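2 protein chains.
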Amino acid sequence: MIAKETSDQLSKLIGSEKVFFREDGKLDQNTFDSYGLDRTKVYSPKYQILLFPENTEDVQKIVKYAYENGIAIVPSGGRTGYAGGAVAKSGEIVISLAKMNKVLDFDPFLGTLQVQAGMITKNLHKEAEERGFYFPVDFAATGSSHIGGNIATNAGGVRVVQYGLIRDWILGLTVVTGKGEIFRFNGEILKNNTGYDLKHLFIGSEGTLGIITECVVKLTKPPKDIRVIFLAVPEYKNILDIFKETHNFSLPLLAFEFLTDYCLKKVKEHLSVSDPFPESSKYYVLMEYEVQDEADEEKLFGILETITEKELITDGSIAQNSRQNETFWKYREGISESLSLAHTVHKNDISLPLRNMEAFLADMEALLATKYQGFEVALFGHIGDGNLHLNIVKPKELSDADFFERCKSVDPEMFSLIQKHKGSISAEHGIGLLKKDYLQFSRSEAEILAMRGIKAVFDPKGIMNPGKVL
Amino acid sequence: MIAKETSDQLSKLIGSEKVFFREDGKLDQNTFDSYGLDRTKVYSPKYQILLFPENTEDVQKIVKYAYENGIAIVPSGGRTGYAGGAVAKSGEIVISLAKMNKVLDFDPFLGTLQVQAGMITKNLHKEAEERGFYFPVDFAATGSSHIGGNIATNAGGVRVVQYGLIRDWILGLTVVTGKGEIFRFNGEILKNNTGYDLKHLFIGSEGTLGIITECVVKLTKPPKDIRVIFLAVPEYKNILDIFKETHNFSLPLLAFEFLTDYCLKKVKEHLSVSDPFPESSKYYVLMEYEVQDEADEEKLFGILETITEKELITDGSIAQNSRQNETFWKYREGISESLSLAHTVHKNDISLPLRNMEAFLADMEALLATKYQGFEVALFGHIGDGNLHLNIVKPKELSDADFFERCKSVDPEMFSLIQKHKGSISAEHGIGLLKKDYLQFSRSEAEILAMRGIKAVFDPKGIMNPGKVL
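In order, the protein sequences belong to chains A and B. For what it's worth, the working numbering labels the leading residue of the first sequence as 17, then goes sequentially. For what it's worth, the working numbering labels the leading residue of the second sequence as 17, then goes sequentially.
None of these hints come from the bench; they were simulated from the model. Just so you know, these numbers come straight off a predicted model, no measurement behind them. Treat each hint with caution, since some may be false.
Computed list of lysine-lysine pairs in BS3-like fashion (alpha-carbon distance at most 25 Å, straight line) [claimed, not checked]:
no.: 1; chain 1: A; residue 1: Lys-326; chain 2: B; residue 2: Lys-237
no.: 2; chain 1: B; residue 1: Lys-234; chain 2: A; residue 2: Lys-253
no.: 3; chain 1: B; residue 1: Lys-237; chain 2: A; residue 2: Lys-237
no.: 4; chain 1: A; residue 1: Lys-237; chain 2: B; residue 2: Lys-326
no.: 5; chain 1: A; residue 1: Lys-240; chain 2: B; residue 2: Lys-260
no.: 6; chain 1: A; residue 1: Lys-237; chain 2: B; residue 2: Lys-240
no.: 7; chain 1: B; residue 1: Lys-253; chain 2: A; residue 2: Lys-234
no.: 8; chain 1: A; residue 1: Lys-298; chain 2: A; residue 2: Lys-260
no.: 9; chain 1: B; residue 1: Lys-315; chain 2: A; residue 2: Lys-240
no.: 10; chain 1: B; residue 1: Lys-142; chain 2: A; residue 2: Lys-237
no.: 11; chain 1: B; residue 1: Lys-237; chain 2: A; residue 2: Lys-315
no.: 12; chain 1: B; residue 1: Lys-237; chain 2: A; residue 2: Lys-260
no.: 13; chain 1: B; residue 1: Lys-281; chain 2: B; residue 2: Lys-387
no.: 14; chain 1: B; residue 1: Lys-315; chain 2: A; residue 2: Lys-315
no.: 15; chain 1: B; residue 1: Lys-260; chain 2: A; residue 2: Lys-142
no.: 16; chain 1: B; residue 1: Lys-253; chain 2: A; residue 2: Lys-260
no.: 17; chain 1: B; residue 1: Lys-240; chain 2: A; residue 2: Lys-240
no.: 18; chain 1: A; residue 1: Lys-315; chain 2: B; residue 2: Lys-240
no.: 19; chain 1: B; residue 1: Lys-237; chain 2: A; residue 2: Lys-240
no.: 20; chain 1: A; residue 1: Lys-80; chain 2: A; residue 2: Lys-195
no.: 21; chain 1: A; residue 1: Lys-28; chain 2: A; residue 2: Lys-195
no.: 22; chain 1: B; residue 1: Lys-118; chain 2: A; residue 2: Lys-438
no.: 23; chain 1: A; residue 1: Lys-240; chain 2: A; residue 2: Lys-315
no.: 24; chain 1: B; residue 1: Lys-138; chain 2: B; residue 2: Lys-118
no.: 25; chain 1: A; residue 1: Lys-237; chain 2: B; residue 2: Lys-234
no.: 26; chain 1: A; residue 1: Lys-260; chain 2: B; residue 2: Lys-142
Some but not every residue of chain A turned toward chain B, in silico, with C-beta under 7 Å [stated by the list, open to error]:
no.: 27; residue: Ser-106
no.: 28; residue: Gly-203
no.: 29; residue: Glu-342
no.: 30; residue: Ser-367
no.: 31; residue: Ile-447
no.: 32; residue: Gly-469
no.: 33; residue: Val-485
For every residue, glycine included, the Cβ atom is placed at its ideal position computed from N, Cα and C.
Whole structure, please, built from the sequences with the hints as guidance.
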């Protein structure tokens, strides 16, 4: 009954309406479970106490109590991750930021919004839009992900090629460390060279140093108008050549995505969209440009002309209206959903230096051919950033257990190839539980030791998201 | 004779041609001294061993030796700092990166250069230019500063308003930690979410965690054409209004600088430039825009028209050729040089949230009027970034000692004002020796403790630039 006691004490500290004990029946078991899980589906949740703090001070009270009593904590955001970073499977306290979803401040001059970390990303987009600004970090899961979780995992998405990662959009951060201290990093100043930058240490730390409770995000001007282009590309090599031709062009390139024919087939099967072109193609590329005026529209045709003349594409189309924009984007953003509707998949989210990409792909195809012989493979991603999403699809005849066993045995070979070509075993998804055993393929032993030393500074009792990352 | 022994041992380790012992007479004393000093002029150098490693492995050998023998190290770059970060005044070994000035790699596809950390910033500009690219971090001292020193101090400069700080342009970093370990952070990948970002920890760490030996910098397209505009502005408030009108304009604003009439007077006196306008003005603003074509030139006139109609300026001029560009820039970039030619000054390099700037300036003026009554004050800076350079000019009748004593007694009051308005006591210059006692005005006690903990991880014996920052 220790958990019950803890729950009672936490009720006294922050108010019983913010404390949910599994057995108190205030939430059904499935909902309760869902707060201790992300999208990995490999782990089972096991925990008893779920908290909904409303502000930074609530979080501080909880963490101080947990610190004094040596109780482990899992910070819980929108739980859209793919690395098990938000999984509570060892009796931890789950702190959901879901009630911390308010705008705290807005500076129209500088163009910044200060919000609580539990704000859903799409709502942050809306709050920016309503104020005449634009928050450019965007990806398929923004309807449920929290901005705090995005920051804790250094989210990327479809517009990194133009706007960078979320790291580039965070001006200030409020965190509660594993000791229960409140740190307010930087606030809202643009320049501040006063010692080590601790803000960047917390961005991407996956909740293992502390809990992000508030942030000041930078905003920018919305793109005036956008044009989406969809291309049929016969060879992989051409994709890189198209990128070379287009990314240093005089129009801002907002996205440069690619997918294989197999991915398009899956989207067509499950999301009832029509074919983009009369003839199918081995690869497809989606480009999105910002246009200001008619002169820019002319430039757009110029791009298409150039890559057509150089025989880099077999077909291409500029979306004529917002509905067609959406369709083109669905070809790309519907892939994960389509795959998960009909298949069990093993996800790899990797990145390579662009110039090593071709050599890596050759090595990768050889590995796939020998180790996953006959398996279907969905390959797509943010190719402009050197970021590939490689999904291995489970054959119908294989059991889930056998499939994941096989993947687990092949992963180290895949990661060795990535290491050989100086890439990263996790471009966007992070390490969490899922990639923890493979961290040494992307970070040296000395670096991992240093990370442990840093964790000990902010979380000396190791109560913050234990077992994740390190 | 311990220093002599150390010098002999280091000669054996890295070769005697890279080792200079003060008494061996290979360098005259003034030159020898200069490697242990920056531009602060408050400190006297005192050290005996000066080393010129040629690569990362040389640096590792030196640091390992120093680590084993508990010898303190000062990393020495172009020594253009204003905070005493590169001062060797306690018998440290000085490691100059001056011989580590080579290009190691270039990726035309991604647009990156890998160079050794001792490359002079201006030479990096040239290397980028020769390859058709542009490295946008720029400031008055680029002719002598090293890129490694720029990174160690997170340099800003005149184009931050458009391109950000140097932090935003560093993709990969090679460092030798205080334990003599070589860390190669990130390499050349754009996305890498595998644990804590240690690269950002070293950027701005002022040599207190380790020595930056190599870096991969991102490059961008050069601006097609630039136009420099110089404005006469009657009131401080108008400067912010002009910034509001112009920084979200559809042309890229590359710089937005301001200076007072006093600064312009000093530049005219010492650098023989003519008046910009027939009538003098209390304030001046320099704006720099990128233009692509004639339509952009029209937009430029539009900007001038708008701010004229709103009566924000009393006069304004667009430079008609590159010589006039240079003259306009000289009004701004010649200030520090002009002041140092004729005066002793006390420099403050501070930043504020833009929206607090007016209230801060009112407080600041009241403080100046009471504490520096009758002193001349030079105020200028990167106002678009909220960054002010406030130089207090020593009156002729006061001795240097009395002047610096006075400044030292007023500084805490100035820093309290900055703290009250949520600003930074060091926007660009860093902490070094000079601001170390005032760090708590910008960072909390808990943050400073955490920084000490992090230093202990990378530099457990405290041999890396001891006494600086923390």
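For a quick check of understanding: which of the numbered hints are violated here, in increasing order?
Violated hints (numbers, rising): 10, 16, 27 and 29; every other hint is consistent with the structure.
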